[in-house]
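Each chain is listed here by its residues.
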Amino acid sequence: MKLLSREALLSFRRAPLLSVLSVTTIAFSLFTVGLFGLVAINLREALRGIEERVEIVAYILRGTPAETIVIATQDISAFPEVQEVNYVTEEQALQRARAELVEFRDAYRDLQVNPLPASIEVRLKDGYRDATSAERVAQRLKGFGFVDDVRFGREWVQKLDHLRNLTGLVGLVIGLAFAAVAVVIIGVTIRLTILQRAREISIMRLVGATNWFIRGPFLLEGAMKGLLGGLLSLALCYGGYLLFRDKSGGTLAGLIFFRPEHMVLIIVFGVLLGLGGSLVSVGRHLRHV
Amino acid sequence: MIRFSNVYKAYPNGAMALKDVSFHVSKGEFVFLTGHSGAGKSTIMKMLFAEQRPSGGEVRVSGYNVTTLRPDDVPRLRRRLGVVFQDFRLLEDRTAAENIAFALEVTGARTDTIAARVMRVLTQVGLSSKAELSGGEQQRVAIARALVNDPAILLADEPTGNLDERATRGVFQLLRDINAGGTVVVMATHDLDLVRQTAYRIIEMRDGSLVYDSAVDEAAAEAQ
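For the protein sequence lines, the chains are A and B, in the order given. FYI, the numbering for the first sequence is 1 to 289, going by this note's numbering. FYI, the numbering for the second sequence is 1001 to 1224, going by this note's numbering.
If you are wondering where the hints come from, they were derived from the structure by calculation, not from laboratory data. Just so it is clear, the structure is predicted and the values come from calculations on it, not from any experiment. Glycine included, each C-beta is placed from N, C-alpha and C at the ideal position. Check before you lean on any hint, since a few could be wrong.
To be verified - Distance ranges between label pairs, derived from CB positions:
# : chain 1 : residue 1 : chain 2 : residue 2 : range
1 : B       : A1199     : A       : R199      : 29 to 39 Å
2 : A       : L172      : B       : Y1011     : 43 to 53 Å
3 : A       : R13       : B       : A1010     : 53 to 63 Å
4 : B       : R1003     : A       : L17       : 46 to 56 Å
Said to hold, decoys possible - In silico negatives: residues of chain B with every beta carbon more than 10 Å from chain A:
#  : residue
5  : R1078
6  : R1089
7  : T1107
8  : N1149
9  : D1150
10 : E1204
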């Protein structure tokens, strides 16, 4: 075991430039994935707040008797997706408009006739706050004869959803490209080491060292580079995160960083990347020694 | 210990390196493998330590069937053999003792036994640790490394090919001593003077075929 780690550490001395290069490419690969991952999780966090506010509003035809509406709200609150139903009368709508839309306060005050319709506001349960569930509930609401029109924030919720998915995808693609480069560079480093040590390796073979014993140091070397790359990428991500959070002048103060399990995942991924790169190269080149 | 049964070896270009080679080596034997370059000596040696596999026939070495040997068993077989070459195959940046210790380290020997085992084989081959080694001394180090795992069979592929006459005599005597201790020695050589000095068994190869085996042919001559 001592021999194994000694041999693995030696590679950093033998090819320092290539070793540093392998570590940095792994770091960059994971940094890219991590950065886009951070954007994605922060978007999701932001969306969660928005989705909680997603309401479906059904506007009611003028002249519908209040009793009909009260009975309907009881039906609606029995829908599996629905958390809360709120009946807003025409007067309440007007009061709310006066309170919320300060700019139009004067306009609303002088009205002879209330132009605002009554409405039913429906809030969905957690887990149903996505575009498809909202659409489904909206369709059902339209089925009521007294419902004039149904509105919900479908479009921009969908857009944010798309944006989040796109961010994740872009990050993954760029990250994978870097990962491929990292694997190639690790492969080149190991090829170099194998050529430098061809004589030693052939003697190891001759005296009966097992294949795993010969491969061991190379695999350990790859895994160590992956570990370093993973740690470095986390440091870079954290640096980027702090930069965005603190230079944004408070608007992004609520940004969140990876949870511990995410960080472990990134490091594990780095180790696997390093291990994979060396495994491929060792398999290819050891045969020719 | 060693059995070749109707062994063929074809190279990818179609050339035949070995054609229907059969022989058998028993415990305690010393065998010379002779013939010109390209006659098939090296191919036989390589098959003995599973560096090459036969294309046809069967090769058995120390209980292992080389023809069907699994990759995992190759190191196991090699730990029961000692192999020396014309070019010594030593690590030049290391001392004699370090070279021998290397063979033990990489085969997973217990660390606390290594120093003693290295000393024992160095004494056996008549060397003490010093920095500059002559050709003969380098070959002795290689032989010591081959012996350190107490092999049942010692394979020597032209072990004296790079040595002057005096060193050749010394190394050859060492191989004879090792054989006297019970180890099977197979020595490939084209030094016919050396071969004629002794009464050891001779197997002669020509163009991939076994053309003379003193153990078989002399018995046949006596029978006539």
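Going down the list of hints, with the structure as the test:
no. : hint                           : in the structure
1   : A1199/B <-> R199/A: 29 to 39 Å : 38 Å, holds
2   : L172/A <-> Y1011/B: 43 to 53 Å : 48 Å, holds
3   : R13/A <-> A1010/B: 53 to 63 Å  : 45 Å, violated
4   : R1003/B <-> L17/A: 46 to 56 Å  : 53 Å, holds
5   : R1078                          : 4 Å, violated
6   : R1089                          : 6 Å, violated
7   : T1107                          : 5 Å, violated
8   : N1149                          : 7 Å, violated
9   : D1150                          : 12 Å, holds
10  : E1204                          : 26 Å, holds
The structure fails hints 3, 5, 6, 7 and 8 (numbered hints given earlier, in ascending order).
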